[in-house]
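Chemist: For reference, the chains in residue letters:
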Amino acid sequence: MSLTFSLAHLMGGIILVFGFSLLSQRRLAAMITIYQIQAFVLSAAAFWQGYAQHEVNLYLTGLITLVIKAIALPIGLRMIVAKFNMIRAVETAMPVLLSTIIGVGLIGVAVLVVLPSTLSAVSLTREDLAIALSVVLLGLLVMTTRRNALAQIIGFLSTENGLVLAAIGMPGMPFVAEFSVALLVLLAFLVVGVFLFRIREHFDTLDLTGIEEIERRGR
Amino acid sequence: MILIAIILPLLAAPFLGLIGSPRQGAIANVALSGIVFILTIAAFAAPGSGLVHADDLGLVFGGVTGFTGLTTAVASFFYLREAEPRLSLRRWRVYHAMCQVVLGSTLLGLYADNIGLLWAAVEGATIAATLGVSMPRTASALEAAWKYFILGGVGIGLALFGTMLVYLAAQPALGPGFSAMSFTALTAHAAGMDGSLLTLAFVLILFGYGTKAALVPLHGWLPDAYAEGPAPLTTSLSGPLINVALIAILRFRHMLEANFTSGGTALPPGPFLLTLGLASLFLAAFSFSRRRDARRFFGFSSIEHSGIAAFAFGIGGAAAVFGGLLHMLLHTLIKSALLQVLIRAAALRGSTAPGHYGFSHLRGLIHSNKYTALVLGAAMFGLTGLPPSGLFVSEFIIVMQTIQRSPWASLPLGLGLLLCAVAILRNLGPLVFGHAPPRTKPAKATPETHLVTLHLALSVVLAFAMPPMLVGLLSQVAEALK
Amino acid sequence: MLLNFLLRLIATMLHVGLTFALAPLVMGVVTTLRAWVLGRRGPPVVQPYRDLYKLLRKSTLVPETASQLFSAWPLACALSIAVAAMLVPGFCTGLLTAPLSDFVTIMGLLALARAATMLGGLETGFGFGGAGAAREALYGVFAEGALLVVLLGFGLLAHGVTVDGIAVAFDTQHIGISVSLGFALAAMLAVALTETGRIPTDNPAGHLELAMVHEAMLLEYSGRNLLLLNYAAMLRLLLWMSLIGSIFLPFGMARATDILSWPGGLVLWLVKLAAMSAVLPVFEVSSAKMRVFRVPEFLGVAMLLGMLAAIFLFVAARIGA
Amino acid sequence: MFVGLPGQGMHVHLDALSLLFLGILLPQVVAGALAGMRNSPTFWVFVLGMGLALAAADAFTLILGFELMSAASWLLVLRGDQKPATLYVGMAIFSAACLVPAVFLPAGSIAFLLIVLGAGAKAGLAPLHFWLPRAHPAPPAGVSALMSGGMVKVALYVIIRYGFVVLGPEAQPWWGGVLVAAGAASVLVGALRAMLETELKTMLACSTVEHVGLIAVGLGIALRAKAMGDATTAGLGLQAALLCAVAHGLYKPLLFIGAGEVKHSVGTTSLNWLGGLARAMPRLGLLMLAGAAGMAALPLGPGFAPEFLLWHAAIGAAGTGGIVARIGFTALLALLGLGAALAIGAAVRMFGVAFLGRPRTLQAAAAEEGERGPLIGMALLAALCVPVALLPNLLLDALSPVIRLLAPQAAQPPLAYAPLPLAGLAGLVAVGAAFILYRHGVRGSREVPAWNGGFGKPPPWLPFGDPATQPSATGFGEPIARAIGRGLLAPGGADPSEAFLLAPLARLHLRGVRVAERIRRATIRQRLAFIFTALVAFLLALGLGEGG
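Chains A, B, C and D are the protein sequences, given in the same order.
Per our numbering, numbering of the first sequence is gapless, rising by one per residue and ending at 219.
Per our numbering, numbering of the second sequence is gapless, rising by one per residue and ending at 701.
Per our numbering, numbering of the third sequence is gapless, rising by one per residue and ending at 1022.
Per our numbering, numbering of the fourth sequence is gapless, rising by one per residue and ending at 1570.
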């Protein structure tokens, strides 16, 4: 039993570490890789939880994660990168060091918030919840500190990873959640794809500074 | 009955998206919306039960959604007649499909008795609306849609997290399984839930659905989506979608409140809602004065009113909740009326394409067409919440409750309402009675302007001579969710 | 009862008659004395009567630019002054007009006269009249304020603000010489000088249009209109004299209901008038006319004096905060 | 008067007070309709709103009527002029924002203060009067008349209704003090500006501010006296206030309609461009003279009795209370005197400059008698002025039920000012004078060129002489502007409340707008950052809230 939990924690911890290291990455390719590994670990965690809780739909979740998040999406992202041979190094809106410090602070906040909750007789412990929450927050932080659209999408995706991490921990949670997460990611990517092309039509690059220019012209 | 009302549009959407000329699409759109409207009214007779059933709240707002959906469809029919040449066939198809999807998922969001289902519905609506907004395919429209997608996506994510946490918080009371996700069960057993976890969940949900309700600071997408999206779509963005989000917030808020009052470890939800509500009110109040584009202007007014509703929910108590719900109801009617007549106004001045809604472009409308101008003026006046506008009643109730329950908040509330009303009326003057731009010729009013008048009349009647049935329903709801 | 009424009626008629008859005389005395003090021989004291008669015999001219109301203003002015003069008790108290003689009413009537004169000045629309009217308005503002505050003092002392009542009260209940009365007297004198258009605020004998205030408004009037206006001015002087007399020197005033006290009252009244008409020229000669914009300060001081009078009364009555 | 909730129906009840104010309203409405507003639906909505507010028996109906009135009058102002309309609607909504809470608060000082703020702002009590001289002149004359004569009365009615009846039991002496202070300030500012304004309608609006101030002073004195149990003063104050309301409701609409006629036939209402109108339009001239006499509160005019009562009330009030209050009332008296004289000056200036003298422009020279309808309306009002002017005692008897309603224990002494005997005396003197004049005097009169201090006759191409040689309205006000205006008005002769209250608020609003614009211009990333920071902040608050 204890092995189950400790392993679950371990994987959660790894996911958090990867989420954290997304912050410190400047290059798109590296970000994609990190995200991919994160997704792999996530699927593994899903499988493990399924095994632990004897839940079929958790296996399914793991499968979806593996196929779509860990394999399909990164390929697509790499394609985009290659297609618009864009500047490899993404300029950040905030010094990396500062953003990492903030990231640490966020983890602290997550712990602080989750601490008072009493999760009696639930397979998912506070720590896991705290980890999931901090992964989500870190993803958001990535979105807010990167100027590049693709980087923002990656941050978004890692947020979704955090969600899934939380979801797989939920005891006997009906299938709705995972299904819709998968759906969301799929659709999200689809829409994003559409956007990337459109935006390319209009601005030749994925860098949103073009949009920012438009917005500066107050209406 | 209800299931049909939900599934029909969702099923019809692909067909609309794939086949037919714009004209046929528009007609089908009207027809479907009409059927849906009838079904939502019929739902009063057969509210159904189980996973998807209409409680009192769902009934009332489902009816309103159906009604606005129908009038919107009619409006977009006339919109098509004028704007058809601008856009390719494919986009019209997408547009009509998306209208149906938005309608269907909105109804799903209202009728779903399952927090997961609610979430899925909101997500569907978001994506559909994103596509809808991007439809004009202008640079600024794409930009608006992109904003909508990014911000909305984040909101969706947070909402999902919150939903899961609610489920988790319900474990001690309800244990695993579907029951821990059904509103009825959760509302019943709110006292037994894990308070602190529930509070965390509520904050996340507030941010998630608050994004849809465009509460400041989560409002970033709204003004642009209003100004750049296709004109009729904004109607369904403004009313029904915001309502779904606010109602979701209201339901979860009540769980928190119940847990708090029954001695649970939850924090009172009031402060969170009051903060966001006042922030929305004041940001709107100050943003009004520099607007040059009418639709963006009214986008901010939507922010204002959803802020007022959130504020009312934050005040709490049956009466305040009643006021808040009434406010949402009336605002939906008036705002959709306003946006539709705005399309007519722009049509009178030549084009309904985004960017043709500048005040300088529309001003002195009375010289173009008296009827349209007066209806527009009436709708704008209705937004200010001065009598005889219906909103006067709801704001009146809310202010009263504020004074009784938390007097300190009544001062900023009053100030905000004052500023907003003045700002709106300040623009009303020139827009309706001002000097028209050169070479303005009088034009004929189009028949669907009567629909707008109907909206406004309905809002006034509902406010001042409210049918007892409606009062009963709303006050039951308020009593249940106080 | 009836006898009383008859007596009061007679007394009233006597008072009115005397007031109307004596007004030019007082003016004449003042003018003559003034000339004497200046070391000139001066006109005979009956000169005003002659002037008035001369004006009566002269034809009346109306400027072309004047409106139909041109002749209404002098009449309004003269009538209101005349009525006011009827109200102010002279040699005796308890006249038939006593209940009407509310100080506020008298102020109102004086204001009405002033307004009529100002309108008359504006009538033809030429420079001097307008300037005079503007200045008159300026003076009036401060005069009314000062007078009203002074009135408060009287009201507090005499528990009533009819001039008659004040006179009776000050005569019977010995107030004594109080500081506040002194202040009030000073304030009232200042107002009186302004209202009657005497030095230092205005010069009745001056004929330099730019410096004139009261006279400037009469420039266009002639014949019977001028007669009315001049007579109103004389009445006003007498009115103020008997007003000050009956408030500040009320001693020895007769009572209308007892005929035996009349002679004494009459004599004393005449003595008071004579004294005042003697003091006035001396004061006038000994002081210089001030610039127009010094007058507000002069009257402002009067207003402050009036307020001080009231405040001293409060202090004297030992009213806590 | 109980709280009426929406959906609970609206209740109407007429008591003496409502009837009195409806009575004040009626003739103005007739006159306004005659003055050309007959066919404007907005006008009738406006009237309806006022009637509803006056007849309301529950707070909700009252507010509803009040707001209806505001909205309709705003539309009417809007038709006239855009700029003041915004200011006006701002003030209207402000007063609503004060009144709505006030009427539902438990009876007490806060409720009263809110009422005074809200209704006072609508009535034009200083320091919230700055909108009035801008907004009242904007609409057509008939509406201006009703706004000045009727709408401010409705606002005052609200103050009376709440100060004396609804909140009556809770009344404190200092409530009266508040009203008196505000009223005194309005009297001073209003009268002074009326003396200095060169635009006829604006000047009339300023004088409205003054008269509202007078009414408020009377009410305040009565309220204070009532709370202190001083029956006589309470009665006097109420008599003064109500009588002033009645009188002002007659002559001010008359003047406004007259101003409209002037505008109609000359094309401008700027006093500096008028002159000599009495010759061109004698009827209008006479009617305006009657109005001016009322406005100047001269004896035998409709305005004098209230002023008389008010001064007596102030003297009475100065006789009671602590020394500070007494000194205050002494100052008040000085101020009332000042105001009264300024009002006389203003009225004289208005009539003397516009209707007497020589035309200053060709338009003024070519003016023709006004239309029939407005003149009939004015004549009606003037005719109603006569009883008010000559029989104030009867009117006070008619008012006594109202006063009993407001202050049951108030004494109502008969009026010591009797116009009729005074008129009789004047008549006697006139007869005497006429006898002398026609017995010994020379009859008739000759038209000659004005002597004008011996200056020459104007050349033939200047039929009325050089307009520059006659004092303008500005010139007439100049001495007072120099002597008082400098001290009391803001630099440049602006209204102090505009300079020291309105301007700073506007600056504050501008700052808020700038912040909002900065937020609006944020890029997507920055907007995300907003959400993110807000979320983190809330989570922190949550954590700390649960931690501690």
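Since the hints were derived computationally from the structure, they do not count as laboratory data.
Heads up, a few of these hints could be off.
Claimed, not checked - Below, in silico cross-link-like pairs of lysine-lysine (DSBU-like), each with a Cα-Cα straight-line distance of 30 Å or less:
#: 1; chain 1: D; residue 1: Lys1105; chain 2: C; residue 2: Lys755
#: 2; chain 1: B; residue 1: Lys663; chain 2: B; residue 2: Lys589
#: 3; chain 1: D; residue 1: Lys1285; chain 2: B; residue 2: Lys589
#: 4; chain 1: D; residue 1: Lys1105; chain 2: B; residue 2: Lys589
#: 5; chain 1: B; residue 1: Lys660; chain 2: D; residue 2: Lys1479
#: 6; chain 1: B; residue 1: Lys589; chain 2: B; residue 2: Lys660
#: 7; chain 1: D; residue 1: Lys1285; chain 2: D; residue 2: Lys1105
#: 8; chain 1: D; residue 1: Lys1285; chain 2: C; residue 2: Lys759
Stated by the list, open to error - Facing chain B, a subset of chain D residues (Cβ under 10 Å, in silico):
#: 9; residue: Asn1061
#: 10; residue: Leu1090
#: 11; residue: Leu1412
#: 12; residue: Leu1413
#: 13; residue: Leu1447
#: 14; residue: Ala1455
#: 15; residue: Val1470
#: 16; residue: Trp1473
#: 17; residue: Phe1477
#: 18; residue: Ala1544
#: 19; residue: Phe1552
#: 20; residue: Ala1556
#: 21; residue: Leu1557
#: 22; residue: Glu1568
Ideal Cβ placement from N, Cα and C applies to all residues, glycine included.
Chemist: Look at each hint and say if it fits the structure.
Modeler: Checked hints:
1. Using a Cα cut-off of 30 Å, the hinted pair Lys1105 of chain D and Lys755 of chain C is violated, with the two alpha carbons roughly 61 Å apart.
2. Restraint check for Lys663 of chain B and Lys589 of chain B: the C-alpha separation of about 9 Å stays at or below 30 Å, so the hint holds.
3. Our distance criterion of 30 Å between C-alpha atoms is met by Lys1285 of chain D and Lys589 of chain B, whose separation comes to about 29 Å.
4. With a CA separation close to 23 Å, the supplied pair Lys1105 of chain D and Lys589 of chain B stays within the 30 Å bound.
5. For the given pair, Lys660 of chain B sits about 57 Å from Lys1479 of chain D by alpha-carbon distance, which is inconsistent with the 30 Å threshold.
6. The straight-line distance between the Cα atoms of Lys589 of chain B and Lys660 of chain B is roughly 12 Å, inside the 30 Å bound, and the hint therefore holds.
7. Between Lys1285 of chain D and Lys1105 of chain D, the direct Cα distance comes to roughly 20 Å. Compliance with the 30 Å bound is thereby established for this hinted pair.
8. Taking the CA atoms of Lys1285 of chain D and Lys759 of chain C, the gap is about 42 Å. The hint is violated against a cut of 30 Å.
9. Using the Cβ-Cβ criterion of 10 Å, the hint placing Asn1061 of chain D at the interface with chain B is not satisfied: the shortest such distance is roughly 16 Å.
10. The criterion of a C-beta within 10 Å of any C-beta in chain B is met by Leu1090 of chain D, whose closest approach is roughly 6 Å, and the hint holds.
11. The closest approach between the C-beta of Leu1412 of chain D and any C-beta of chain B is roughly 42 Å, which is over the 10 Å cut-off, so the hint fails.
12. Interface hint status for Leu1413 of chain D: violated, as the beta-carbon distance to the closest one in chain B is roughly 41 Å, over 10 Å.
13. For Leu1447 of chain D, the suggested interface contact is broken, since its CB lies about 55 Å from the closest CB of chain B, more than 10 Å.
14. The beta carbon of Ala1455 of chain D comes no nearer than 59 Å to any beta carbon in chain B, farther than 10 Å, and the hint placing it at the interface is violated.
15. Because the beta carbon of Val1470 of chain D sits about 53 Å from the nearest beta carbon in chain B, more than 10 Å, this interface hint is broken.
16. Violation of the interface hint for Trp1473 of chain D is found here, the shortest Cβ-Cβ separation to chain B being roughly 52 Å, above the 10 Å cut-off.
17. The criterion of a C-beta within 10 Å of any C-beta in chain B is not met by Phe1477 of chain D, whose closest approach is roughly 49 Å, and the hint is violated.
18. Given the 10 Å rule on beta carbons, the hint for Ala1544 of chain D holds: about 7 Å separates it from the nearest Cβ of chain B.
19. Hint on Phe1552 of chain D holds. Least Cβ distance to chain B is approximately 4 Å, under the 10 Å limit.
20. A hinted interface residue such as Ala1556 of chain D counts as satisfied when its beta carbon comes closer than 10 Å to some beta carbon of chain B; here the least separation is about 5 Å, so the hint holds.
21. Look at Leu1557 of chain D: its Cβ gets to within about 5 Å of chain B, closer than 10 Å, so that hint holds up.
22. Checking Glu1568 of chain D against chain B: minimum C-beta separation of about 5 Å stays under 10 Å; hint holds.
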